[in-house]
Amino acid sequence: MGIGDVITFAVGALRGHRLRTALSVAGVAVGIAAVVALTALGEGARGYVVREFMSLGSNLLIVLPGKVETTGGMPYGGTTHDLTIDDFRELARRVPGTARAAPIATGTETVRFGGRGRSAPVIGSTFELLEVRRLEVASGRFLAPGDPEAGGSEVVLGVEVASELFGNSNPLGEVVRIGDWRYRVVGVLAPHGRSFVGFNFDDVVVIPVQTAMRMFNRASLFRILLEMESADGLEEGKRAVLELMRDRHRVDDVTVITQDAVVETFSSILGVLTLVLVAIASISLSVAGIGIMNVMLVAVAERRKEIGLLRAVGAGTGQILAVFLTEAAVLAAVGGVVGLLGGWVAVRAFVRVYPSFPATTPAWAVAAALTVAVGVGVVFGTLPARRAARLDPVRALQGR
Amino acid sequence: MIELSDVWRTYQVGSSQVHALRGLDLTIAGGDYLAIAGPSGSGKSTLLNVIGCLDRPTAGHYTFRGRAVEEMSEPERTAMRQQDIGFVFQFFHLLARLTAQANVELPMLFAGVERAERRRRAADALGAVGLSARAHHRPDQLSGGERQRVAIARAVVMKPALVLADEPTGNLDRSSALEVMSLLETMNAAGQTLVLVTHDPQLAARARRRVRMDDGAIVERS
Numbered sequence: 001m002g003i004g005d006v007i008t009f010a011v012g013a014l015r016g017h018r019l020r021t022a023l024s025v026a027g028v029a030v031g032i033a034a035v036v037a038l039t040a041l042g043e044g045a046r047g048y049v050v051r052e053f054m055s056l057g058s059n060l061l062i063v064l065p066g067k068v069e070t071t072g073g074m075p076y077g078g079t080t081h082d083l084t085i086d087d088f089r090e091l092a093r094r095v096p097g098t099a100r101a102a103p104i105a106t107g108t109e110t111v112r113f114g115g116r117g118r119s120a121p122v123i124g125s126t127f128e129l130l131e132v133r134r135l136e137v138a139s140g141r142f143l144a145p146g147d148p149e150a151g152g153s154e155v156v157l158g159v160e161v162a163s164e165l166f167g168n169s170n171p172l173g174e175v176v177r178i179g180d181w182r183y184r185v186v187g188v189l190a191p192h193g194r195s196f197v198g199f200n201f202d203d204v205v206v207i208p209v210q211t212a213m214r215m216f217n218r219a220s221l222f223r224i225l226l227e228m229e230s231a232d233g234l235e236e237g238k239r240a241v242l243e244l245m246r247d248r249h250r251v252d253d254v255t256v257i258t259q260d261a262v263v264e265t266f267s268s269i270l271g272v273l274t275l276v277l278v279a280i281a282s283i284s285l286s287v288a289g290i291g292i293m294n295v296m297l298v299a300v301a302e303r304r305k306e307i308g309l310l311r312a313v314g315a316g317t318g319q320i321l322a323v324f325l326t327e328a329a330v331l332a333a334v335g336g337v338v339g340l341l342g343g344w345v346a347v348r349a350f351v352r353v354y355p356s357f358p359a360t361t362p363a364w365a366v367a368a369a370l371t372v373a374v375g376v377g378v379v380f381g382t383l384p385a386r387r388a389a390r391l392d393p394v395r396a397l398q399g400r
Numbered sequence: 001m002i003e004l005s006d007v008w009r010t011y012q013v014g015s016s017q018v019h020a021l022r023g024l025d026l027t028i029a030g031g032d033y034l035a036i037a038g039p040s041g042s043g044k045s046t047l048l049n050v051i052g053c054l055d056r057p058t059a060g061h062y063t064f065r066g067r068a069v070e071e072m073s074e075p076e077r078t079a080m081r082q083q084d085i086g087f088v089f090q091f092f093h094l095l096a097r098l099t100a101q102a103n104v105e106l107p108m109l110f111a112g113v114e115r116a117e118r119r120r121r122a123a124d125a126l127g128a129v130g131l132s133a134r135a136h137h138r139p140d141q142l143s144g145g146e147r148q149r150v151a152i153a154r155a156v157v158m159k160p161a162l163v164l165a166d167e168p169t170g171n172l173d174r175s176s177a178l179e180v181m182s183l184l185e186t187m188n189a190a191g192q193t194l195v196l197v198t199h200d201p202q203l204a205a206r207a208r209r210r211v212r213m214d215d216g217a218i219v220e221r222s
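Going line by line, the protein sequences match chains A and B.
Residue 70 in our numbering is what sits at position 70 of the first sequence, and the numbering runs on without skipping anything.
Residue 60 in our numbering is what sits at position 60 of the second sequence, and the numbering runs on without skipping anything.
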């Protein structure tokens, strides 16, 4: 009896009970569809977050003052030197592989024009920030290139700040007050979208870094961003930054994060989230498995006479076992295929509603879903199949 | 061909023991036509099941073509049922979802006969019982007599040495019963050993040899 014969026989038996077969197929299909859809959403969430991080700019080294690892008994033990504009200039010039660099100083101040005022984060930086953070200018221009210590009193407005203060009129060339200082508006940023990591660049104002530090009376920069030419340069760049800063400050007092490390962390957290979703969906699969077991037990009880007859015409116990196991596996496999289709339709529908969400079912999930479905059928079909194989032929023929 | 000596079959029913066969001796030669008669509950069917290797004697010896059946393993007895023995039942036991043709193919399916070969041999067997035209009908589209003829085709399709028929006409009208009997007898005349269980004395009278059973023992041989 070849495998083809066994499958033909099993399918024939299943077709004899269409409703019952359809219901247990539906049980497995729901489970598999849930696994597929939730995997797609989980993977989509991961892709979404990674993409958000990448939109901050790529191959970034982020230098911040202070050392994150704590030594000694005091929190932030040891002396922390200021991260100065001189430090920035040195790093930008001497760290190998640096494509661009931008300093960041921050504070919050009220921005006023006419009678209106709006409290907004103020970012002090240089011309290079535009490229490093992948910003775009909607009208006018960004900060003028040149010496970071030159200062100046020009300001670039985030799109939200601009529309709140100026409404429909053109802000270019107007003078706004930030705190007690007066600035001339030279540009407005293009909408950047609400990023859930980092600043919301629609709601900031950008002024020259030197001016910002004077205005907020800061001696230290908030961050220095270094964009490396390639991802391969990140580790070497990081070492070079630490070495240079040790030379300048005589102590390890800066922290360098690579953006990749941050992305990696988020990615792996969301990977775990996906697995959790799959685990939850798998519960419905085990319920479907119990459904299969139930249906198969009913089938074995109902088909005692058939089993008795098969034994009488020379079917061995192993063949009976194979026939009933195959029935369970076929039920589960058909359920798996239907579930894949259902899951695929669900994901497509979701993407239609939320086009920006990159939900796609990974190939490994498809393969795993089918394998798991057949596995569920075999595992939960074993008990009924063994029961069928162990029936006493004489009693079975009598339907007992 | 078949030799049973001092065969017992005992069932445990609750706390008491029921003896379905009590120290039974029986010899059946090749090509024989034996009828086992007796009232219901006398052990006829149990005897047939023991001969057909569906049931095992509790005690005693059973040799089939010189081999001791009580020493055989389950796979060996399965092989015997497959190759050497054909069953015909009172209730036909056809699978309702399969056509007559597919029902006749069943024994060959489990014996691992090739698909094309199965087709051919099943068609031949159906032809031999005069049902070629009904090959693609399902059992519920056939009359009782036709169903039993399909069952006979299934019993002989593996060309077994022995056919065991348990009340084969018990569910049939008179004319169908005669048709079925003459079919079985024709096969017997061609050399196939036939053992028939019946409680109908008229039917039993047609056999070459008769035994009458009562309460698990043979009470009359003729």
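Treat the hints loosely; a few may be bogus.
Claimed, not checked - Across the chosen pairs, the derived CB separations fall in these ranges:
hint: 1; chain 1: A; residue 1: 15; chain 2: B; residue 2: 127; range: 35 to 45 Å
hint: 2; chain 1: A; residue 1: 392; chain 2: B; residue 2: 209; range: 26 to 36 Å
hint: 3; chain 1: B; residue 1: 40; chain 2: A; residue 2: 290; range: 36 to 46 Å
hint: 4; chain 1: B; residue 1: 123; chain 2: A; residue 2: 3; range: 17 to 27 Å
hint: 5; chain 1: A; residue 1: 276; chain 2: B; residue 2: 15; range: 17 to 27 Å
hint: 6; chain 1: B; residue 1: 124; chain 2: A; residue 2: 11; range: 49 to 59 Å
hint: 7; chain 1: B; residue 1: 67; chain 2: A; residue 2: 279; range: 12 to 22 Å
hint: 8; chain 1: A; residue 1: 400; chain 2: B; residue 2: 208; range: 29 to 39 Å
hint: 9; chain 1: B; residue 1: 191; chain 2: A; residue 2: 400; range: 33 to 43 Å
hint: 10; chain 1: B; residue 1: 97; chain 2: A; residue 2: 355; range: 43 to 53 Å
hint: 11; chain 1: A; residue 1: 386; chain 2: B; residue 2: 15; range: 21 to 31 Å
Since the hints were made in silico from the structure, they are not lab data.
We treat Cβ as the ideally placed atom computed from N, Cα and C, and that holds for glycine.
Hints and how they fare:
no.: 1; hint: 15(A) with 127(B): 35 to 45 Å; verdict: violated, 28 Å
no.: 2; hint: 392(A) with 209(B): 26 to 36 Å; verdict: holds, 30 Å
no.: 3; hint: 40(B) with 290(A): 36 to 46 Å; verdict: holds, 43 Å
no.: 4; hint: 123(B) with 3(A): 17 to 27 Å; verdict: holds, 25 Å
no.: 5; hint: 276(A) with 15(B): 17 to 27 Å; verdict: violated, 57 Å
no.: 6; hint: 124(B) with 11(A): 49 to 59 Å; verdict: violated, 27 Å
no.: 7; hint: 67(B) with 279(A): 12 to 22 Å; verdict: violated, 57 Å
no.: 8; hint: 400(A) with 208(B): 29 to 39 Å; verdict: holds, 34 Å
no.: 9; hint: 191(B) with 400(A): 33 to 43 Å; verdict: holds, 36 Å
no.: 10; hint: 97(B) with 355(A): 43 to 53 Å; verdict: holds, 49 Å
no.: 11; hint: 386(A) with 15(B): 21 to 31 Å; verdict: holds, 29 Å
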